[in-house]
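**Student:** Build the full structure now, drawing on both the sequences and the hints.
46 is the number that this note's numbering gives to position 19 of the sequence shown; each next residue is one higher, with no gaps.
Hints may be right or wrong, so weigh each one.
To be verified - Straight-line alpha carbon distances no greater than 27 Å define the calculated DSS-like cross-link-like pairs of lysine-lysine that follow:
| # | residue 1 | residue 2 |
| --- | --- | --- |
| 1 | K149 | K70 |
| 2 | K199 | K130 |
| 3 | K224 | K211 |
| 4 | K70 | K144 |
| 5 | K211 | K61 |
| 6 | K181 | K81 |
| 7 | K181 | K119 |
| 8 | K130 | K77 |
| 9 | K154 | K181 |
To be verified - Label pairs and their computed distance ranges (CB to CB):
| # | residue 1 | residue 2 | range |
| --- | --- | --- | --- |
| 10 | S114 | K66 | 33 to 39 Å |
| 11 | T90 | N169 | 39 to 45 Å |
| 12 | Q72 | L218 | 35 to 41 Å |
If you are wondering where the hints come from, they were derived from the structure by calculation, not from laboratory data.
Backbone N, C-alpha and C define an ideal beta-carbon position, used for all residues, glycine too.
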Amino acid sequence: MKSKRIGLRIIILLVVLLILPVQVFAAGAKDTVKGQIDKMLAKMQTPEFKGLQKDAKLTEISTIINEVFDWQELSQRTLGREWKKFSPDQQKEFVTLFEELLKGIYADRILAYTQEKIEFGKETELKKGRVEVESYIITTDNKKVPLFYRMTNKNGQWRVYDVVIEGVSMVKNYRGQFRQILSKKKPEDLLQTLRDKVKEKPAS
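**Tutor:** And the structure:
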């Protein structure tokens, strides 16, 4: 009888786990981004990674970056009200090009601190469903370089929509640049500018 009761409890527990929303078990914002950073740093310490050329290293890191960044959200926030000036095909191309550009910049910054440690600070709610996670790169001379992640929750999954590097928001920084271009030129001109930028290969 005792074994039957235990078996029944296990079955009930499994049923409860299956019907609960996925969001209950999803990792928090801080745990999500920390997990990906830890994964990235671990890869960077392997002999195989260290033996790669810089462009190959960027490719390896990009795979991990894609798992936590929401490029669509990031792109739309960057263009803001200018987003509607782009046709659906132009919007799609913008997201692709902007993703490639930012991955290079972000990965470059991470690669520049290969030997340093990264510490995570507090998680602050910005608005409902949006938070900012603090992280600090601890340099070899014991200085803290702030690298904050702004994240949004979609369907129970936390994704990065902006990175604030040493106090400078990537979204706000590019929004100002792009608005200036679009005030005088067409969306196609901005796309061409991004195409040219993406073609510039990082030095090995």
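**Student:** Kindly confirm whether 39 to 45 Å is satisfied by the beta carbon distance between T90 and N169.
**Tutor:** violated (32 Å)
**Student:** When you take the CB atoms of S114 and K66, is the distance between them in 33 to 39 Å?
**Tutor:** holds (37 Å)
**Student:** Is 35 to 41 Å a correct range for the gap between the Cβ atoms of Q72 and L218?
**Tutor:** Given about 38 Å between the Cβ atoms, the range holds.
**Student:** Is the straight-line distance between the alpha-carbon of K181 and that of K119 27 Å or less?
**Tutor:** Holds, because 20 Å separates the two Cα atoms, which is no more than 27 Å.
**Student:** Can the restraint linking K181 and K81 be considered satisfied, given a maximum Cα separation of 27 Å?
**Tutor:** violated (33 Å)
**Student:** For K70 and K144, compute the direct alpha-carbon distance and say whether it is at most 27 Å.
**Tutor:** This hinted pair holds, its Cα atoms lying about 14 Å apart.
**Student:** Are K154 and K181 close enough, with their CA atoms no more than 27 Å apart?
**Tutor:** Given that 27 Å is the threshold and the Cα spacing comes to 14 Å, the pair holds.
**Student:** For the pair we were handed, K199 and K130, check the Cα-Cα distance against 27 Å.
**Tutor:** Since the Cα atoms of K199 and K130 sit roughly 17 Å apart, the hinted pair holds (cutoff 27 Å).
**Student:** Given the hinted pair K211 and K61, is their alpha-carbon gap at most 27 Å?
**Tutor:** Cα-Cα ~41 Å, so violated.
**Student:** Quick one, are K130 and K77 close enough, alpha carbons at most 27 Å?
**Tutor:** holds (19 Å)
**Student:** Holds or violated: are the alpha carbons of K224 and K211 at most 27 Å from each other?
**Tutor:** At roughly 20 Å apart (the allowed maximum being 27 Å), K211 and K224 satisfy the hint.
**Student:** Just to be careful, I want the Cα atoms of K149 and K70 compared with a cutoff of 27 Å; is the pair within it?
**Tutor:** OK: K149 and K70 at ~25 Å, within 27 Å.
When held up to the earlier numbered hints, the structure conflicts with 5, 6 and 11 and fits the remainder.
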